[in-house]
Amino acid sequence: MIQQMSFLGIPLRTQLQRRMLVVGYYMFVALFAGLGVWRGHGGLPGFLFPQIIVLGSMLGGLTVGRPVKPYSSGVVPDAYDSPISLTLSGRKVFSPYGPQLLDEREQSQRDHAHFVAYRILLVSLVAALIAYCSLYALNAAWTSLRASMLLWTIVVYAISLPQSVLLWTEPPMPVADVIPMHGV
Amino acid sequence: MSNALYNRLPVLRAEHGVSRQDLADAVGINVQTVGFLERGDYSPSLALALDIATYFELPVEAIFSREPMRPLSREVYGTQKKAGRR
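Each protein sequence line maps, in turn, to chains D and A.
Heads up, the first sequence is in my numbering, so the first residue is 1 and it goes up one at a time.
Heads up, the second sequence is in my numbering, so the first residue is 1 and it goes up one at a time.
One or more hints might be untrue.
Stated by the list, open to error - If you anchor each label on the Cβ, the simulated ranges turn out as follows:
| hint | chain 1 | residue 1 | chain 2 | residue 2 | range |
| --- | --- | --- | --- | --- | --- |
| 1 | D | G65 | A | R39 | 24 to 32 Å |
| 2 | D | H112 | A | R39 | 13 to 21 Å |
| 3 | A | A62 | D | L129 | 36 to 44 Å |
Calculated from the structure, these hints are not laboratory results.
Positions of the beta carbon are idealized from the N, C-alpha and C atoms, including for glycine.
Work out the full structure, taking the sequences as your base and the hints as a guide.
Following this line, the structure appears as structure tokens:
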């Protein structure tokens, strides 16, 4: 599922490097959200929507040219047999790098990542709700003003979570093909 | 019973002079997946195992096994030796 061996100058060859990218990414998102909370956004300004898209898809999965391969955008017409498989099968994906196939291992990885991400998201949502209700009980006015930033953070988090799970769990890449080729 | 699936892919590739990329293209998977298969980090579906077996023109059990596999040379020559003794 990893299609790039470096991203923004950060090497992604080892599992540790990929995990560092995930940690760095969420630190950046937390910093961004923290800044929004500190400044106290009253509403959800228009510029926050592009931020959600750009930040949420930064690790890939939804767009090309990012560490994680696109999941399913643009299925070759003859490769699907139902509207559901059009969006879920992800067999063939067009990109500027040419058609990209998600083989059976990658499809199973993608599905597993979404399953894990869903469970993490569920726990996170409950935690966020409890945190929000607690803050609201303490200071309703202050919390209401910052509800949009909480929503912004949750949406970015929800969009990026499967890609993060993939980057986190992808085993170390196989070593290069070193077997001497003699042929028969 | 462990889920481990052993294989002879590296040996067969070397014997046939086939790179990972060649094998990946032939059976329609990504080159990384061939690496994961060889390392035993991924167990192929039955369809993929059969495709690989067809590619090497071998029965599937000659390539994949639930038990650790003996070296191919010992399989071939070990058997011949036993047969010769008879």
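Using the Cβ atoms, figure out if H112 of chain D sits within 13 to 21 Å of R39 of chain A.
For R39 of chain A against H112 of chain D, whose Cβ atoms are near 18 Å apart, the range 13 to 21 Å holds.
Measuring from beta carbon to beta carbon, are G65 of chain D and R39 of chain A in 24 to 32 Å?
holds (28 Å)
Could you see if the CB distance from A62 of chain A to L129 of chain D stays within 36 to 44 Å?
violated (56 Å)
In terms of the numbered hints stated before, the structure departs from hint 3 and from no other.
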